[in-house]
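Could you build all of it, start to finish, from the sequences and the hints given here?
What follows is the residue order along each chain.
2 protein chains.
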Amino acid sequence: MSTRAELITIGDEILYGQTLDTNSHWISGQLDQIGIRVIRKTTIPDERTQILTAFAEAEQRASIVIITGGLGPTSDDLTKPCLAEFFGVGMYRNAEALAELEEKFTRMGRELNQLNKDQALMPEGATKMTNDWGTAPGLWMERNNTVFVALPGVPFEMKGLMEKRVLPALQARFVKTEIHHRIIRTGGIPESRLAEKLEDWEKQLPKHIKLAYLPTLAQVKLRLTATGTDIQKLKAEAEAEIQKLLPLIDKYVFATENIELEARVGELLREQHKTIACAESCTGGYISHLITSVPGSSDYFLGSIIPYSYEMKESALGVKNETLNTYGAVSEETITEMAENVCRLTGASIGVATSGIAGPGGATPDKPVGTIWIAVSDANGTEAKKYIFMKERKINIQLGAIAALNMVRSRLVEE
Amino acid sequence: MSTRAELITIGDEILYGQTLDTNSHWISGQLDQIGIRVIRKTTIPDERTQILTAFAEAEQRASIVIITGGLGPTSDDLTKPCLAEFFGVGMYRNAEALAELEEKFTRMGRELNQLNKDQALMPEGATKMTNDWGTAPGLWMERNNTVFVALPGVPFEMKGLMEKRVLPALQARFVKTEIHHRIIRTGGIPESRLAEKLEDWEKQLPKHIKLAYLPTLAQVKLRLTATGTDIQKLKAEAEAEIQKLLPLIDKYVFATENIELEARVGELLREQHKTIACAESCTGGYISHLITSVPGSSDYFLGSIIPYSYEMKESALGVKNETLNTYGAVSEETITEMAENVCRLTGASIGVATSGIAGPGGATPDKPVGTIWIAVSDANGTEAKKYIFMKERKINIQLGAIAALNMVRSRLVEE
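Read top to bottom, the protein sequences are chains A and B. To convert, note that position 278 of the first sequence is 455 in my numbering; the numbers rise steadily by one, no gaps. To convert, note that position 147 of the second sequence is 324 in my numbering; the numbers rise steadily by one, no gaps.
A few of these clues could be false.
No copy labels: a pair is met if it fits in one copy or bridges any two.
To be verified - Result set (DSSO-like, lysine-lysine): computed pairs, CA atoms no more than 30 Å apart in a straight line:
#1 K563 <-> K281
#2 K568 <-> K410
#3 K336 <-> K398
#4 K451 <-> K380
#5 K294 <-> K374
#6 K305 <-> K562
#7 K384 <-> K281
#8 K294 <-> K384
#9 K568 <-> K398
#10 K398 <-> K281
#11 K341 <-> K398
#12 K281 <-> K571
#13 K380 <-> K544
#14 K281 <-> K568
#15 K341 <-> K380
#16 K571 <-> K294
#17 K305 <-> K398
#18 K341 <-> K421
#19 K497 <-> K451
#20 K281 <-> K562
#21 K571 <-> K336
#22 K294 <-> K281
#23 K421 <-> K294
#24 K398 <-> K571
#25 K451 <-> K544
If you're looking for bench data, these hints aren't it; they were derived computationally from the structure.
What follows is the structure, encoded as structure tokens:
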């Protein structure tokens, strides 16, 4: 079994929803990479009894307890006195820590006040970890085979201490089980249908390989976790299972690594030396935004026209007045012209167009909110598809954009 | 003493550092607004014993326990069976939940499989909360004066259920004192400078009115919270304080209610019977996306041209070849033409244009990553401004879009 760790975050500002805790997310990822499993994260207020209870609970369950926050110089910073109380020891002023502080303040041309001097106070028996990135040193304390590490809550100080001092020390100390993760990203299939298709495959997985479904909007991430002692063997086993899985859900998998759909589309365009342009009506620029979020996208993204009004569909995109008047903007005929014209006007190898009713207004009896026509056009022809999402405005826009990118991806892998 | 709540997040993906938990941050903020204090947040794995222990611990300390995650249809979703076990009850298929599922699937033209049907399974005695945003209903269960609420982990489903069902129910049940919140939204001024300007005003606030700074990207939300027994009196007092505050930070306030900058720009355009169009290069469609995220934006948004390539800047937007060759795409001359041309081509009353280096590539010695030119043009002329954000790609794009919307807003209120 892998070594178990718990993370304790101390701070009222996180409990009140004023600060988003990204520290524990980052620490989890770092520990996972060295095969240490985080089994619980707890956030508690700057209150003595809550802190002591959390320490005691964590000690029961974990071999490593990493505490962030509450190391500062003000009166609401309680981590050090609580650690001293929990370990049943006193506090003393660490001479080396004081010297380091004095040197830092001299360099900054400032004088140490009493609060600053108190940053050199430490529980007896604690190992000091020098903080090269700020003024509060980290602490390492042990009892009954559980290690307590206390780190400042300021993200770059915490990261500096973790990378330079804590992670190497944990790695040296704890015998590690290897953990190997693989991510498979899918689009265009709901979690429940995916689960049906994978049921038999999941049942035949060896005990040390586990599958998790991580659904987000219109996409499901599959995570395969293999645990053991031989990392090369784990990698080979995971790869073998993925090779069995892929044929089952072939057309829904857009990547066998953890990258976004828009990044995968970008890779395909780059590999095939192709360019893309968009004509976005109801998605209002969101597809273009996703595509241009990817670094280097100017290599394959030529640009877009967002013809929100009827007039602009005609003037900027050359959709025929007759088509708009006969079939309306949300129709197969209009979307086909939009996709074909944006290719022609920009010279892109592939064009994608959207037109629909994002809502809440604009619905008609035969076109409910969430009706979106999407077309993809290239030298091999134009494909148009109607989707009915029936969600609220922002979600319809996101679903439309993801469906459009998925149609582009399909076209690129078919060819 | 205020009512105490705990949040339990269930999911291996969060403990492994693969998914950043933003749900508990958002829930904390919402509870804080109705005077409910979150005293602990716990994240635990998809494991029966860990889940049961966490439930039991939370019940000891809190009157409200909000659980997110683990409500999906697959075998690693354990929240419902664990709640049933914890409350010592069985599970049954809720007929109403099943009917809602069937209706949802019929509308989407899909058939229910066994896994979908199991989403209607509920612990006996639980109150179902209809999920209008997805397939897993929320649950409300009570024992010994502690309420357990279970919500799906998908953020927009969780938020929908919280806003529409959970928060009103918690408020009715637990909140005794009246709380009145007012939000003032500011842009273009950092938190520390805002705090300087508001220092004296904050000091003179009566004890029962508190100010909170809620900073987000390039914006700071100010929240005034008045607590007492007479809601009419609280409203009048808060309004009086806001009237004292506004002259101090006049040009940075874009709304005295909690609406987004793009919605405020939309209101101004609508009031003034004006239309807008964008020429977005480096922001790649993000301004258009923000504008069109607002319901009814088709009343004033005509459309955009996203001329990412040099060719499209000329062909679709009519920027002079000479201008591009002499000054480059990221220049005052080019951005001025872009803003003026998009007005002329679309007939919009106001045009906004962006061109810059989002990064990580593309920088030159005199144009570092994050250099963005923005121009706003209307019948009164064209204003161009250079910003240097020097952040990473996605942040530069967002900062550019917010700065552009802020320039549009300034132009609209000046006139």
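To see whether the hints hold, each was checked on the structure:
1. K563 <-> K281: between (50 Å within a copy, 18 Å between copies)
2. K568 <-> K410: neither (45 Å within a copy, 40 Å between copies)
3. K336 <-> K398: both (20 Å within a copy, 21 Å between copies)
4. K451 <-> K380: Neither: 41 Å inside a chain and 61 Å across chains, both beyond 30 Å.
5. K294 <-> K374: Between copies only: 16 Å across, 58 Å inside.
6. K305 <-> K562: Neither way: K305 and K562 sit 54 Å apart in one copy and 36 Å across, limit 30 Å.
7. K384 <-> K281: Neither way: K384 and K281 sit 50 Å apart in one copy and 36 Å across, limit 30 Å.
8. K294 <-> K384: For K294 and K384, only the inter-copy Cα distance (28 Å) is at most 30 Å; the intra-copy one is 53 Å.
9. K568 <-> K398: both (22 Å within a copy, 29 Å between copies)
10. K398 <-> K281: between (38 Å within a copy, 23 Å between copies)
11. K341 <-> K398: For K341 and K398, both the intra-copy (23 Å) and inter-copy (28 Å) Cα distances are at most 30 Å.
12. K281 <-> K571: between (36 Å within a copy, 19 Å between copies)
13. K380 <-> K544: So K380 and K544 fail the 30 Å test inside a copy (43 Å) and across (56 Å) alike.
14. K281 <-> K568: between (43 Å within a copy, 11 Å between copies)
15. K341 <-> K380: neither (36 Å within a copy, 39 Å between copies)
16. K571 <-> K294: between (40 Å within a copy, 28 Å between copies)
17. K305 <-> K398: Only across copies: K305 and K398 sit 28 Å apart there, 35 Å inside one copy, limit 30 Å.
18. K341 <-> K421: neither (34 Å within a copy, 44 Å between copies)
19. K497 <-> K451: both (27 Å within a copy, 26 Å between copies)
20. K281 <-> K562: Intra 50 Å, inter 21 Å, cutoff 30 Å: inter-copy only.
21. K571 <-> K336: both (24 Å within a copy, 13 Å between copies)
22. K294 <-> K281: within (12 Å within a copy, 64 Å between copies)
23. K421 <-> K294: between (57 Å within a copy, 28 Å between copies)
24. K398 <-> K571: This pair counts as both: shortest intra-copy Cα distance 21 Å, inter-copy 22 Å.
25. K451 <-> K544: The answer is between: 29 Å across copies meets 30 Å, while 34 Å in one copy does not.
Checked against the numbered hints given earlier, the structure breaks hints 2, 4, 6, 7, 13, 15 and 18 and satisfies all the rest.
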